[in-house]
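Here is what each chain is made of, one letter per residue.
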Amino acid sequence: MSMSLVNSNSYLESLLRGQPRLPPSPLAWFNQLRANAVDHAGRLKLPTTRDEEWRFTDLSPLVRQSFQPALAAPALQAADVERFSLAEAAIRLVFVDGKYMPQLSTPAERLGNRGLIVTNLSSAITANAEAIEPHLGQYARFEDNLFAALNTAFLHDGALVMVPRGAAIDTPVHVLLIATQPEVASHPRCLFIAEAGSEITILEDYVSLNDAIYVTNAVTEIAVGDNAQISHIRVQRDSTEAFHIGNCAVSLGHAGRYRSVSVALGARISRYDLNTVLDAEGAECAIDGLALINGRQLADTHSSIDHAKPNCTSRQLHKCIADGSAHAVFNGKIMVRPGAQNTDSAQSSRNLLLNAKARIDTKPQLEIFADDVKCAHGATVGQLDSEELFYLKSRGLSGAAARNLLTYAFGAEIIDRIPIASLKYRLERTVLEQTKKTEP
Amino acid sequence: MIHQDSKTILEVSGLRAAVEGVEILKGVDLIVKSGEVHAIMGTNGSGKSTFAKVLAGHSAYQVTGGSVLFEGQNLFDLEPEERARAGVFLAFQYPIEIPGVSNSHFLRLAYNTLQSQRGKDELDPLEFEDFVREKMKLLEMNPNFLDRGVNEGFSGGEKKRNEMLQMALLEPRLAILDETDSGLDIDALRIVTNGVNKLANKDNAIILVTHYQRMLNYIEPDYVHVMRGGRIVKTGGKELALDLETRGYDWVGVERRVPASA
Ligand SMILES: Nc1ncnc2c1ncn2[C@@H]1O[C@H](COP(=O)(O)OP(=O)(O)OP(=O)(O)O)[C@@H](O)[C@H]1O
Ligand SMILES: [Mg+2]
Chain C
1 MSMSLVNSNS YLESLLRGQP RLPPSPLAWF NQLRANAVDH AGRLKLPTTR DEEWRFTDLS
61 PLVRQSFQPA LAAPALQAAD VERFSLAEAA IRLVFVDGKY MPQLSTPAER LGNRGLIVTN
121 LSSAITANAE AIEPHLGQYA RFEDNLFAAL NTAFLHDGAL VMVPRGAAID TPVHVLLIAT
181 QPEVASHPRC LFIAEAGSEI TILEDYVSLN DAIYVTNAVT EIAVGDNAQI SHIRVQRDST
241 EAFHIGNCAV SLGHAGRYRS VSVALGARIS RYDLNTVLDA EGAECAIDGL ALINGRQLAD
301 THSSIDHAKP NCTSRQLHKC IADGSAHAVF NGKIMVRPGA QNTDSAQSSR NLLLNAKARI
361 DTKPQLEIFA DDVKCAHGAT VGQLDSEELF YLKSRGLSGA AARNLLTYAF GAEIIDRIPI
421 ASLKYRLERT VLEQTKKTEP
Chain B
1 MIHQDSKTIL EVSGLRAAVE GVEILKGVDL IVKSGEVHAI MGTNGSGKST FAKVLAGHSA
61 YQVTGGSVLF EGQNLFDLEP EERARAGVFL AFQYPIEIPG VSNSHFLRLA YNTLQSQRGK
121 DELDPLEFED FVREKMKLLE MNPNFLDRGV NEGFSGGEKK RNEMLQMALL EPRLAILDET
181 DSGLDIDALR IVTNGVNKLA NKDNAIILVT HYQRMLNYIE PDYVHVMRGG RIVKTGGKEL
241 ALDLETRGYD WVGVERRVPA SA
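Here the protein sequences line up with chains C and B, keeping their order.
Using full-length UniProt numbering, the first residue of the first sequence is number 1, and each one after it goes up by one.
Using full-length UniProt numbering, the first residue of the second sequence is number 1, and each one after it goes up by one.
There may be inaccurate statements among the hints.
[Stated by the list, open to error] Selected chain C positions facing chain B (in silico; Cβ < 10 Å):
id : residue
1  : 395
2  : 406
3  : 410
No lab work stands behind these hints, which were simulated from the structure alone.
Remember, predicted model here, so these are calculated numbers, not experimental data.
Note that the Cβ used here is the ideal one computed from N, Cα and C, for glycine as well.
Produce the entire structure from the sequences given, and follow the hints as far as they go.
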């Protein structure tokens, strides 16, 4: 057995330390779920670049560092988080290093939205066990996913959003996950359930107060009911020294709609796995992503869209912008199951390399087992267009300003799809700043 | 307007330039003084656009000989953006589209860059909006072109008007209009040339590249040049353009061999 495996196993043990401190739940199934996860986490090995799914993402820098579970979270004041707040989002859940912060949060029950539940999972689970049990741990399977297993082993606080049947919620829900402490491993958890015919927009927002080295290991599960719709915006602006592992699993009911925009700007190494199962006829998903990275950052997005039933539609546009010696990875799998006739799927991966030292690996993967399908996909990796640069410079813009404007425009196509105006505006500023910073 | 004592803006001597190793410009000579309007005509492929793009600093063209002085300064010492800031403006024959870059954002950046270069105040987005709308009225352009990407999906004529809008905003010392008239309908030609005439004054100069007399009916040139095989082979007054219209190019610049008479 190689050294790295020995190391990584003792490393996992150290990550699992502290798990037994979690209070047992009165719910037997819940305790069982966690126990199973502990069991799997103990058995699974840290992936290496020899694993096909992790070819480009070397986790050895993670192993070289030791991380502890967060014992206590610092008591942040409202002023500390003010800069993250969004004008449109009256409903907000705040987690600091994975711990729920009631004093910073505005759960839905306080707004008197009858039936809408937006609250901390650990405090609401007993009262809503019947509604939660069919979903929690059911989509983000951990049998062969170490990080999902670890997260589930630590299952306690989390963002719970349940939209009752037929309710169209017009204010977005803001789930704000703040990292504050160095050398801490946190395991944020989200569960979003939209019952039949309901609609909601949810922002899952990872931020950091400093440039500490920490691990965020997040799991989100999303269940979209029949004819329901969830717009899910995920923004990852972790510290550029941090590690971010995210798993998101989505299940759609009959004619359910899932719209996702994910933006990765932060973290030294980030990995996001988004698995969507179109599990009933007429379901639709639109999955867009942007990774904008620089320096020695690595951002790896793996998505899978599973056309499990006939008459489903999927759309995907993923963009990577890599500067410095950054490395962006996109692996987009589209699976069309036998019998999933009349599938309509289009996937596009567009990539911009801003530096000769940067690298982008993109791999669209189509696996089609039905015959009556419409599937289009394409991938490009390019540089800024020299004619466009010349045009801008011929009007007086500096080379740097011209590059900045074109890079910004490339990324803005994704950001424009975010349905929350103030967030869109803020991200556009961030992208402009970030592209300014990245000029050679 | 020709004045004996006006300053020289552009002095091109023996300019040679190549693209991908093929020499296109083979010794261009041209002097442009302030207040003047020069028309350059000539057959397709004679090098007119190449000349214009060399002046603007396009990197695809290598200068292989000769010199260009712009207001006494070696133009080739300047990067394209420095030329623009010094007052050189090229309205492209084929303006490109830049999808995703908002036209208003681009116009404001360009305008403010030149303003600060000239030691003048920059405008914030709201002030600029008012300012640019006034300029658009002059060109009878619909303000909703501001909200689109730069030239994105614009018709041929709309692109040309957008070029003229940029010229109106940037107020160049030397404007080179490369076939700005082609693609414009009859009304648009009148509007655009009217706009150009309003911008022309005794301190700036205009080079018009065109194939047709109709533009010169609106903007009266002081000189008409004929380019052929990468050189200016004939220069005359505005009547030369009329001559060309009736006689074509065949007779121009071809050395006439007078048969020896015994
Ligand atoms: N990249 C290139 N490679 C090879 N030849 C080129 C290239 N670019 C231009 N040329 C050639 O240079 C010559 C001059 O082209 P240019 O565009 O300057 O002509 P023009 O006088 O503007 O013509 P028109 O009236 O049609 O606009 C043409 O023969 C053209 O084919
Ligand atoms: Mg031309």
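So, going through the hints one by one against the coordinates:
For residue 395 of chain C, the interface hint holds, the least distance from its beta-carbon to any beta-carbon of chain B being 4 Å, beneath 10 Å. The beta carbon of residue 406 of chain C is positioned within 10 Å of a beta carbon in chain B (closest approach about 7 Å), and the interface hint is therefore held. The closest approach between the C-beta of residue 410 of chain C and any C-beta of chain B is roughly 7 Å, which is under the 10 Å cut-off, so the hint is satisfied.
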